[in-house]
Every structure is written in C-alpha cells, then in structure tokens.
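Protein chains: 2
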Amino acid sequence: MERTIQIASTGKYLPGKIVFSEELDEKLGVPRGWSYEHSRVRTRRYVTEETASEMGALAAEEALRKAGLSIEDIDCIVSVSGTMEQAIPCNAALIHRRLTGGSRPIPAFDINSTCLGFITGLDLISHALQAGQYRRVLLVASEIASVGLNREHKKSCVLFGDGAAAAVVQKGDAEGPSRILASDMETYSQGTDYIQIRGGGTKHHPRTNPPAEYFLFEMNGAAVYRLVARHLPSFVDRLLDRAGVGMEDIDLVIPHQASGIAMELLRKKLGIPEEKFLSILEDHGNTIAASLPMALHEAVQRGRLHRGSLVMMLGTSAGASLGGVVFVY
Amino acid sequence: MERTIQIASTGKYLPGKIVFSEELDEKLGVPRGWSYEHSRVRTRRYVTEETASEMGALAAEEALRKAGLSIEDIDCIVSVSGTMEQAIPCNAALIHRRLTGGSRPIPAFDINSTCLGFITGLDLISHALQAGQYRRVLLVASEIASVGLNREHKKSCVLFGDGAAAAVVQKGDAEGPSRILASDMETYSQGTDYIQIRGGGTKHHPRTNPPAEYFLFEMNGAAVYRLVARHLPSFVDRLLDRAGVGMEDIDLVIPHQASGIAMELLRKKLGIPEEKFLSILEDHGNTIAASLPMALHEAVQRGRLHRGSLVMMLGTSAGASLGGVVFVY
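For the protein sequence lines, the chains are A and B, in the order given. Heads up: the first sequence is residues -1 to 327, going by the numbering used here. Heads up: the second sequence is residues -1 to 327, going by the numbering used here.
Chain A extracted, bound-state conformation:
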C-alpha cells in the first residue's frame, strides 16, 4: 500500500565507552578471538551514566539539526524502543521531557515490537501522516542492552551494544520520489520464549524475588534461526510482490543487525549480493530496536543511500516476528 512518506533525516547517539571484543574474551574466560568470531562485532558501546531517554533525545536532536528543523516543527514523538527505561510512564514521555522540557504538549507514546519497532512505527505512523493527522513525527529508538546481559550466556552476551537512533518522518511531496511501497509483519508466537527477558514485568515482578537470571536476556539462537530460515524467504517474496518490485531492483537492503553469522546466512539464503546488504555490526553490535534506524543513518552518512534509492528494511525480533518495509528513500 503506497504512501507518499519521506524520511527527512536521521540521527544517532553512541555512548562514549567502547568495549572491545578482546575485553569480553577476558571477562567471559574464553579464548582470545572467541567473542569476535561468534558475533562479528569488534567494538560495541556501553553506557556509563547515560539514560535511554537522554541518548534518545541526543539522537533526535541530531536528526532535527540535519533536517534544519527544531522541536517546534514536530507534531508527535514516538518511542520505538524494545526496552523500557522505567516501568511507567512510557519511554516517549521521558524523551519528550528531554526535548521540550514540557513546553510543547505534542503527543508522546510508545510502539514496541522489540527489534522491529522502527518498522512497525514507520508503518503505523505513515498512515497517520498520509491522512494528515501529523505533519512531522519523530521516531526514536534508544536501548541499553548492556544492563540485561547474562555472562553465563556467552553467545548472546557478546552481540549487544547500547545506543540510540532517530528519524524525522514526514509526508512526502507527491512529485518527489520518496514513498513507502509496502510493509508487512508476521508473528510466529510459538517462538515467544526463543528470545526473552522473562522477568521485570507483572509475571515475575522484582518484589516477588524471582531468580536473578530472569531479569537477563535469554536467546535460543538455533531455534530462532530455524524459524527465521523457514519463514523469511517466502515473507520477503510476498513483501516484494506487494511492493511490485524484484530483489534485483532493490538498491540497498538494511537488515536488523542481529548477529554477524545469522545475517550472513540469511543474506545468502535470500540471494542478496554483499554490496547491497548493509552491516554496521562490526562497530555497533546489535542495539535492539535502535539497530535498524542506526543502520539507516549510517547508510545515509556513508553515501550508500540517496533520494530515490529503493530500500528494503528487514528484520526479525522477539515474538518471534518478521518484519519488513520497502520504500523509496
């Protein structure tokens, strides 16, 4: 379903503390090289003092600057993060406070589909933009993965980094090239426990003293991979079909930066040439829902994306879900 929507600009923020894979090798007691080999991440960032809303606001401010806009030009703030900064209120209210100081009462709410938040948010908000409810919306994903990593689960522990990314999304010019061609999401909830943090909510609430590892990230990588490998190829075929384009027409595939090995296997399975497949994993790691907009930002910054480029964003998330959007940047 075509919508004349434009991503006007993007921004990102990375915390200052750089964590090398060699440091993790030592901390985890694994042979030197193990962390890189299992993640394809050389460096990721961890917060020291930053909160998620601070990082989100800094990424948003960069996106505003790049578009020559101020917060006064924005009609709505949407957090598309996969983790909460605090249980209540929603993340977007905290980002709203950082950006406006409370001076401008535009709506602020969260959309959450774990790592697919940016795709879900872009998709949903594009309809509201298309209908004219908003002129310009800030989508912000900001994640602190490092606090929830489990050193006993070495393979997931080495994958993640912290950081934020944001995008200003607006109704496009009908004559301009920018538009969304198609979007889709599929949830295979037989996999809800393949990727999870089972505690922290109402089920295993901190006051009930569940086992400490319930508050930490768990992933059954093999099960996720099997599910994704089984369903993603036909999902992509349908998405391209809806967009009315073929994979050969796509200028750039921006995948969720899940893990180096999984990304490479999927790239090959989907028959995407390496030069059309953007990985920023090596110096960012998997930053949960910030991964997709951060990769988009890097694509723009590195000159891999121009107005008129045909893009496929594609991801997988806890749920387990597949999601994708085909758009002309």
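Heads up, a few of these hints could be off.
Said to hold, decoys possible - Result set (DSS-like, lysine-lysine): computed pairs, CA atoms no more than 25 Å apart in a straight line:
#, chain 1, residue 1, chain 2, residue 2
1, B, Lys152, A, Lys201
2, A, Lys201, B, Lys25
3, B, Lys266, B, Lys153
4, A, Lys25, A, Lys152
5, B, Lys201, A, Lys152
6, B, Lys201, A, Lys15
7, A, Lys266, A, Lys153
8, B, Lys152, B, Lys15
9, A, Lys201, B, Lys15
10, B, Lys201, A, Lys25
11, A, Lys15, A, Lys25
12, A, Lys201, B, Lys201
13, B, Lys25, B, Lys152
14, A, Lys15, A, Lys153
15, A, Lys267, A, Lys153
16, B, Lys153, B, Lys25
17, A, Lys25, A, Lys153
18, B, Lys267, B, Lys153
19, B, Lys15, B, Lys153
20, B, Lys25, B, Lys15
21, A, Lys15, A, Lys152
Hints are computed from structural coordinates only; laboratory data are not their basis. What you are looking at is a predicted structure, and each value in this text was computed from that prediction instead of being measured.
Position chain B relative to chain A; hints supplied.
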C-alpha cells in the same frame, strides 16, 4: 479527521478474587470506611494465578464471540496495556500465542501510553484500517496493577484493580453511522514523575538492586489534579471543536476510571451531567489501560450505548498526558 471505523464488539475478563475496601482498611491500618471514601471503589479484583496475557486472551475471546468472529477473522493483534508482562517480548506476542497457538502469523505489537493506550491504539489503528491495511484488528488491554502497589502510599493503593478488556475494531460501512470524528492527545512531560514506577527498566534495573519501593507505583495526586484541571477543559473544547459537535450533543462520556474524587471534580468542571458520565469504578477500581475499554464494554452491556450513540472517551495518564476521542458507536 473523520474515519469510518466501527468498534464491532468488546469483551472483558476479571480475575476471581474480589477485594473489598473493608479488607484494605484492615490491611492498611486505616479506619473502617477510609479506603472507600478515598477511592469510591467498593470492590476490585486481584489476580491469584492469572497472567496478563491469559486475561487479555480471555477478554479478546469474549469480544470475538460477541461479534460472531473467530481469530481467523482478525488481521492484527495490538496490546494497548500500560504495563509489561515480561521485559521482552512485547505483550501482544504473548497474547497472540494464547489466541493462536502460533498457528496464524498475523502481526502482533504493543502501543503504550499508560492509561490512554486504548485511545492511542484506536486512533493509530483506525488510519491503518481506513487505508485498508487491515480489515479487523483486536485491541487488548490487560493489567495486573496489584503486584506494584505500595502499602505506604495508601491513597493510590486503594484505587487499583486487575483485569482485561478487548475490542474488535473494523472498517465501518460507509452508509452506517459508526465513525471516529476526532481524536487528540497532549503530553505535559513536566509531569513525568507525577505518576511513575521508576524501577524495572534499564534505569533502575533489578540487577543493580535499587530500593525496593522503586518497583512500586508512586503518584503525586495533587500535582496530577492541578495539571489536569488546568489543561483538560481547553483540551476538551478543542476536541469537540474538531469533531464539530458540542458537549450537549454527546450521548455518553466514557472517562478513564482514574479515581472517584478526581472523576467527580472533573465531571463538574467540564459541565457533564451525571447521567451522561459513565463510572464503573465502584466494582472495578482503576485497571490502568484496561479501564477505558472495560468502561466501554460495560456501557454496551448496560445498554448505555447503541449504534449511532455519540461518545466521548476521555482520559489522563502518566506522562502526564491527556487524550480523547469522539466517535459514533
């Protein structure tokens, strides 16, 4: 902005355990009658074994039954809850699993604006329905407030109950009366800390052992009331204006069931006659984001609402935010 959207049906689920205000008087060590006097809640329900996703699925199944539909007729599941069942994945994936067993890979994601989730969800999803992306969407709010209550904060402790409500939302018949006339939300983020649970997320993560009360609900009722009293009347005026109707045209106001005293003060301030103002507080309490769809469900069940009735849903939430939608049921 008019949209030919219809709420096809609603459902609710309440856990079995009834908690009388007199029991709370005893537990909190306050004089008999204090809990009712400060909340106007006689009974509320607390979960014993139920999880939020279980309750949400049961409410959704009632909504489906009432519409003569099955899950096969649904294109998308949206959780509009204000609390998480677990940190990852999103609530909707867990509800999706309960409803489909993983057999039907429709999208599942969360929209969160704390107590306003149903209004935000209805508003956002109505654009996607209007555009034809989905035919029918399940909105589900399911909340377990009881686990996060702080007995030291007696006034908020007596307000809340647990429970779930759901609605099937679909594109309306162009000739039928059902439509959304206007919607709006305003976030006054100077009030982010007026209503909060500051722990449980990445800022005060359980692994960092923050004070135990950080995981419990806090509310500065007086500050919330001042903010709402200051901004709500003009918010409602603008909302009515956009809808092109006057308060005298509204058949029923369905407010968020925040607290008896606040609801009564606001009803008077907004000049809404008692017979047009629905309170289900007495036997439900405040069930966070489930309050609005639960009150809608009760309005239908009690015959207060008919096809063609003009409704204003109105609420306040942590953030602090105001939200409203005017629709023809």
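A quick look at each hint next to the structure:
1. Lys152(B) <-> Lys201(A): 23 Å, holds
2. Lys201(A) <-> Lys25(B): Holds, at roughly 23 Å.
3. Lys266(B) <-> Lys153(B): 22 Å, holds
4. Lys25(A) <-> Lys152(A): 10 Å, holds
5. Lys201(B) <-> Lys152(A): 23 Å, holds
6. Lys201(B) <-> Lys15(A): 17 Å, holds
7. Lys266(A) <-> Lys153(A): 22 Å, holds
8. Lys152(B) <-> Lys15(B): Judged against 25 Å, a Cα distance of about 20 Å means the pair holds.
9. Lys201(A) <-> Lys15(B): Given that 25 Å is the threshold and the Cα spacing comes to 17 Å, the pair holds.
10. Lys201(B) <-> Lys25(A): Holds. Lys201(B) to Lys25(A) sits at ~23 Å (cutoff 25 Å).
11. Lys15(A) <-> Lys25(A): The hint holds at about 16 Å.
12. Lys201(A) <-> Lys201(B): The given pair, whose Cα atoms are some 20 Å apart, holds under the 25 Å limit.
13. Lys25(B) <-> Lys152(B): Distance ~10 Å between Lys25(B) and Lys152(B) Cα, so the pair holds.
14. Lys15(A) <-> Lys153(A): 21 Å, holds
15. Lys267(A) <-> Lys153(A): 22 Å, holds
16. Lys153(B) <-> Lys25(B): 13 Å, holds
17. Lys25(A) <-> Lys153(A): 13 Å, holds
18. Lys267(B) <-> Lys153(B): 22 Å, holds
19. Lys15(B) <-> Lys153(B): 21 Å, holds
20. Lys25(B) <-> Lys15(B): Holds: Lys25(B) and Lys15(B) sit about 16 Å apart, inside 25 Å.
21. Lys15(A) <-> Lys152(A): Measuring from Cα to Cα gives roughly 20 Å; hence the hint holds.
Violation of the numbered hints given earlier is absent; every hint is satisfied by the structure.
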